[in-house]
Structures are given as structure tokens and as C-alpha cells.
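K.L.:
Each protein sequence line maps, in turn, to chains A and B.
Using our numbering, you'd call the opening residue of the first sequence number 95 and step up by one each time.
Using our numbering, you'd call the opening residue of the second sequence number 95 and step up by one each time.
Some hints could be false.
Claimed, not checked - Distance condition first, Cα-Cα at most 25 Å in a straight line; then the derived SDA-like pairs of lysine to any residue:
#1 A/Lys-306 with A/Asp-349
#2 B/Lys-364 with B/Ser-324
#3 B/Lys-397 with B/His-374
#4 B/Lys-418 with A/Lys-364
#5 B/Lys-397 with A/Arg-202
#6 A/Lys-370 with B/Gln-404
#7 B/Lys-179 with B/Ser-207
#8 A/Lys-364 with A/Met-420
#9 A/Lys-418 with B/His-374
#10 A/Lys-304 with A/Gly-273
#11 A/Lys-211 with A/Gly-340
#12 B/Lys-418 with A/Phe-385
#13 B/Lys-144 with A/Gln-411
#14 B/Lys-397 with A/Gln-261
#15 B/Lys-418 with A/Tyr-386
#16 A/Lys-364 with B/Glu-287
#17 A/Lys-352 with A/Ala-141
#18 A/Lys-397 with B/Asn-140
#19 B/Lys-370 with A/Phe-417
#20 B/Lys-397 with A/Ile-142
Unchecked claim - Incomplete in silico selection of chain B near chain A, CB under 7 Å:
#21 Arg-228
#22 Ala-313
#23 Ala-315
#24 Asn-367
#25 Thr-369
#26 Asn-405
Source of the hints: derived by calculation from the structure; they are not laboratory data.
From a predicted model like this one, the values you see are computed outputs, not experimental measurements.
By construction, the Cβ of each residue, glycine as well, lies at the ideal position given by its N, Cα and C atoms.
There are 2 protein chains.
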Amino acid sequence: MMKNAFNINEYIDGILSSNITYVSKAITLVESTKHEHQEQAQQIINAIIKHSGSSFRLGITGVPGVGKSTFIESFGLEVINRGHKLAVLAIDPSSQLSKGSILGDKTRMEQLSIHPKAFIRPSPSSGSLGGVARKTKESIIICEAAGYDYVFIETVGVGQSETAVHQLTDFFLLLMLAGAGDELQGIKRGIMEMADGMVITKADGTNTDKAKMARGEYARALHLFPPTESNWIPEVLTCSSTENKGIKEVYDMIDKYKRHTIANHFFETKRANQTKQWLHQTINDTLIERFYANPIIKEEILKIEKQLEQNLINPYQAAMDLFKKMT
Amino acid sequence: MMKNAFNINEYIDGILSSNITYVSKAITLVESTKHEHQEQAQQIINAIIKHSGSSFRLGITGVPGVGKSTFIESFGLEVINRGHKLAVLAIDPSSQLSKGSILGDKTRMEQLSIHPKAFIRPSPSSGSLGGVARKTKESIIICEAAGYDYVFIETVGVGQSETAVHQLTDFFLLLMLAGAGDELQGIKRGIMEMADGMVITKADGTNTDKAKMARGEYARALHLFPPTESNWIPEVLTCSSTENKGIKEVYDMIDKYKRHTIANHFFETKRANQTKQWLHQTINDTLIERFYANPIIKEEILKIEKQLEQNLINPYQAAMDLFKKMT
Numbered sequence: 095m096m097k098n099a100f101n102i103n104e105y106i107d108g109i110l111s112s113n114i115t116y117v118s119k120a121i122t123l124v125e126s127t128k129h130e131h132q133e134q135a136q137q138i139i140n141a142i143i144k145h146s147g148s149s150f151r152l153g154i155t156g157v158p159g160v161g162k163s164t165f166i167e168s169f170g171l172e173v174i175n176r177g178h179k180l181a182v183l184a185i186d187p188s189s190q191l192s193k194g195s196i197l198g199d200k201t202r203m204e205q206l207s208i209h210p211k212a213f214i215r216p217s218p219s220s221g222s223l224g225g226v227a228r229k230t231k232e233s234i235i236i237c238e239a240a241g242y243d244y245v246f247i248e249t250v251g252v253g254q255s256e257t258a259v260h261q262l263t264d265f266f267l268l269l270m271l272a273g274a275g276d277e278l279q280g281i282k283r284g285i286m287e288m289a290d291g292m293v294i295t296k297a298d299g300t301n302t303d304k305a306k307m308a309r310g311e312y313a314r315a316l317h318l319f320p321p322t323e324s325n326w327i328p329e330v331l332t333c334s335s336t337e338n339k340g341i342k343e344v345y346d347m348i349d350k351y352k353r354h355t356i357a358n359h360f361f362e363t364k365r366a367n368q369t370k371q372w373l374h375q376t377i378n379d380t381l382i383e384r385f386y387a388n389p390i391i392k393e394e395i396l397k398i399e400k401q402l403e404q405n406l407i408n409p410y411q412a413a414m415d416l417f418k419k420m421t
Numbered sequence: 095m096m097k098n099a100f101n102i103n104e105y106i107d108g109i110l111s112s113n114i115t116y117v118s119k120a121i122t123l124v125e126s127t128k129h130e131h132q133e134q135a136q137q138i139i140n141a142i143i144k145h146s147g148s149s150f151r152l153g154i155t156g157v158p159g160v161g162k163s164t165f166i167e168s169f170g171l172e173v174i175n176r177g178h179k180l181a182v183l184a185i186d187p188s189s190q191l192s193k194g195s196i197l198g199d200k201t202r203m204e205q206l207s208i209h210p211k212a213f214i215r216p217s218p219s220s221g222s223l224g225g226v227a228r229k230t231k232e233s234i235i236i237c238e239a240a241g242y243d244y245v246f247i248e249t250v251g252v253g254q255s256e257t258a259v260h261q262l263t264d265f266f267l268l269l270m271l272a273g274a275g276d277e278l279q280g281i282k283r284g285i286m287e288m289a290d291g292m293v294i295t296k297a298d299g300t301n302t303d304k305a306k307m308a309r310g311e312y313a314r315a316l317h318l319f320p321p322t323e324s325n326w327i328p329e330v331l332t333c334s335s336t337e338n339k340g341i342k343e344v345y346d347m348i349d350k351y352k353r354h355t356i357a358n359h360f361f362e363t364k365r366a367n368q369t370k371q372w373l374h375q376t377i378n379d380t381l382i383e384r385f386y387a388n389p390i391i392k393e394e395i396l397k398i399e400k401q402l403e404q405n406l407i408n409p410y411q412a413a414m415d416l417f418k419k420m421t
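The shape of chain A in the complex, shown without the other chains:
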């Protein structure tokens, strides 16, 4: 599938000199499930990690139909116009079927996808949530080492990946439609409270007033939430990606957040906590994965779950008995 034409040092030099071919192929190594590719990937990551960390990491989420790709197209160009280099990573572990649509997205980002200062990459949509999050994290490291100082991580907002993305990013941006009704929004509960900012998309034409009203309502709602740890009150904006209205304001909001959290040291604290959580999450996931991989455990668990359904056993006791059997 992939030519192993490069050795590790070529990868490292290629990434550090911003060669897009090496960046792209290194991410392919990260995403590969082959053992030898994983080993190479880890060697590369270990060598470049000290050059990472200097980008602003922006999580962008919203349901299908909210206009994520057109938003990323126009907002991405704004970010580049302000002097940045931009990498866009799209992850969607919830569905393998959407692979096509992500590639579709890429072609819809007409200007961005061919811009020399932009790098767009659909991330693996298969594998465990932890696995996808890890690969995304390592892809971020590669992009940063290659000099991309703005990284977007795009998710669909209907799965569990948002919590993982929240863990990986500095700012979590939620895209919403005006007046679509609760059901149509389809955003998972709990995601709204993670947002550092919200943008009502498609605020153009006959939709403009509705978007303004929605903005007011969401702003009031977010204000009722308890304050965030960063002491930042999430803002709500409207924008039209097609008319390129409100896009500058989104940049300014995020920039204001950045200055606010750097000034109060929340930025560095959050990054440090994310790294620690990342370590412990990996440890915990691995422990659990290995435990359940045992075929005896798998069989016993099925038996226990049957007994639980009939209210015959105490779940705590059942778990303890399982451990006794294992040792």
C-alpha cells in the first residue's frame, strides 16, 4: 500500500522543513494499524515532539447540515489572511460510512484545499475512540512540528468524540443552526456546556433575523451556565460563510479568548492538565482493553449480565468474584 521509501531521518527532516509530502506520509504511518508502521511512527513522534505545542488548537463541531465545510473554508482563509499556517484534521469515529462525505467536504473547501498555507486531512474514522483520539493527538504533533500554528480539529457533534476533542484543544467552537428546533439540532447533551464559543451559521437572506434571535437566546442560556474554569463567558456570534459575514468576528472572539487565557495562565495550565490526562487515559484504556480481551472474561461477563438482568446478584460482588477467578 505505502512505499517505505523513506527512512526515519528523512521523515523527521521532511516534517521539520514543512515538506507536505512527509507530513502527510507521517500521518499515514500514525494511522496505520501495522506494527512496523506504528514503531516508525513512535520514533518520529519522539524525535519531533519537542518542536510541537506552539499552535492554537481549535475544536470545531456541529451536526451534518450546519455548514461545517463552508465555515471552515471561509474561516480558514481568514486565519491564513491573518498570517497563520493552517492544518485541518477531520475526525468522525462514529461512522465509517461518512468517509465519502469527508472527502466530499475536502473538495467543497475549494480555495483552502489548494492554498499553499493550508493542509487538510481527513483522519481515520475507524478504531476505538481512544485510538482515534491518540492518532489525532499525534497528527497534531506532526502538524505543529511542521510549522502549522493553527490546527482545526473537526468532529460531527453527535458522537462521543467531542469529549476527546475537547481534551485535545484550546478552544471548543460549536456551530448551530437557527430555528432548526431541538430535534433537528441533534447535538448530544453535554456538548453545549463544553463550548467556549458558539456560532449560528447561515445567517443570510431570510434567515438573518432568525439567526439574530437564536443568538440572543443562546447567549442568555450560556450566561445561566456556571462560569468556566477559565473565567471566560462563552460568546455567541452569527455568521454567513457564503456572504463572508461575521467571519472576522469569530477570529477576534477566539483571539480574545487566547489573550484572556494566556494572561490568567489558564492556557498553560489546561495544556499541562491535558498532557497528564492523556497519560492516565492511555494507561486506563490499556488496562481495560487488555482485561476484556481475555476470552474467559468475555464469557464470564455474559453470564454475569444475564444474572444482573434478573436482579439476582450484586454488581459489585459479581465484579469482585470475577477478579478472584482471575488470580
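For chain A, the structure is supplied; the task is to place chain B on it using the hints.
P.N.:
For chain B alone, coordinates are given in the frame of chain A:
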């Protein structure tokens, strides 16, 4: 400390015949950290578990000062007047200091604490979150087997225990003050989205209008949230525990929820999921606890965290190396 005057069968018979002395002493066994007490507790739980599950489990949370104990006093009496037997379990793992205040609460529940149809019990405020949750779960089983068909689980709303309580209950009720300002509310982010209902307390005297306004605001805000899995739109009410106003309405709201979720089978599905999650949570917690209890791991983790701070290593790689060292 505790006389082991009873044998297991005496406990079981005592609980099943609603003898409050046995209920109370059995919970003390559950809460004890002594190995022999734990073994006795597990034998009791295993014997009575088939008699549990028939109560309505209500989580009640709110910051100190919101008036939880006066609310529980008047709402508890309402529940009893509607023909139920009520057990109140108060947990607060976040602070050992508050032991005194929980006992203080109990004396503030003047009528409830001496009512023959009520059982009030402050739960252990020490130990790990998982441990506290487990003890609470087992205390619920004891109360249910003793015929209490309404169980309140009270928490403080500022810690992590709310997620655990959410896992243990059928309905999650959030008490809020009107116009206290975001800062004063002190509720942890994410708790609002867990609420199945909200009650603005102290809606009396000069505070009445403010409470009504707050009710409207919160109702609008909750409506903007994505719908809950149960298809229930959380309601917001006001009440005055001292003037005994709005208390009946809280009962009716919860009863409506109960009928709604029984009719659409969400009630039983949620219970079944909670039991399964309880099993897996216990397994996962135990795996993690045992891993970190290893002194070599403790030492290695400290080293790794230092290297992470300097951005020298990849957290994923560090975790994997740790596992290699262990095997």
C-alpha cells in the same frame, strides 16, 4: 466499636421486616472498612437483593445555602402524605469537614427525622468516589428491601459525586437560588444538563418575583438543550419550603416523569443500563486502583510526569513503556 451481636440471618430478617435498627446497622456494616464487616455486608446484600429495586430513586442536589434540608423536610413530608415510606441518604465525599453539617441538617429536619415512615441517614463522607457510590448503592438496596419505596440521595452539587448519583437515580433534581448570580450558584458545569427537573427555592416574601423570573429564564435555557434520552423536557418550578408553597407541584412533576418514562419503557431501560454500568465501573475502577497501588508504578509515574512537563516525551509512548516494564 460496633457490637457483632447479630448474625447474618438476624440482619436479613430484620431488614425484610422493616426493623429500623437492623437497617441502620446493616448500612453501618456496608460503610465499614473492616474486612469482616465487608464480608458480612456482602452476604446480607446477596440475600436481600432480589427484594430491592421497587423504590423511586430521587437524586437531589444544590449548593450549600440553597435550602436543601428545609426542602427535604417539607418535600419528604409530602411524599409520606402521598402514602410512601421514605429513606433519605446524604452523601458528600468532597469534604470530611461537613460531617457536622450533615448531622446539623438532620436536626433541622425536625418532623421528618422523627416520623415513623422516614429514615434519614448521613452516608460516609470519606473514601474514594467509587467507594462512596458503591456504599450508597448498597444502602439503597437495604432501604428498598426494608420497604422504603421512595429514596432520596442528597449531594452538595459542587463535586464529582453528582455524576455518580445520576448513575444511581431515576430522577435528578437540581435546587437553585434565584438571582444569586452565576458565581454564587457554585454548581459545577455539566450538572445543569443532567437535571430532569429544577426547583428555584426560597420563592417567598420579597424573593417571589425574582424566583418567578429565574424560573422563566431557566425554563427557556433548558428548552434550548438537546432533548434527553427519555424524551422528557426538564421542567422548572419554584417553591417555598417555609411557606409550604409549590411542594405538591414538585411531587406531581416527578410523578408525571415516572409515568412518562414507565410508559415509554425508558424507566426499565435506564435501570438495566445503570446495573450494567455499575458492573463495568467496578471492574474498571478496580483495575485502575490496583495498577496505581503498585509502588514501582507510583515512582515511574512521577518521573514520567516530570518529562511530560518539559514536552520531552509522548504521553502515549510513555504509557506503553510503563506497561513493558511491568511485564
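K.L.:
Give me the numbers of the hints this structure contradicts, sorted from smallest to largest.
P.N.:
Violated hints: 3, 4, 5, 8, 17, 22 and 24; rest satisfied.
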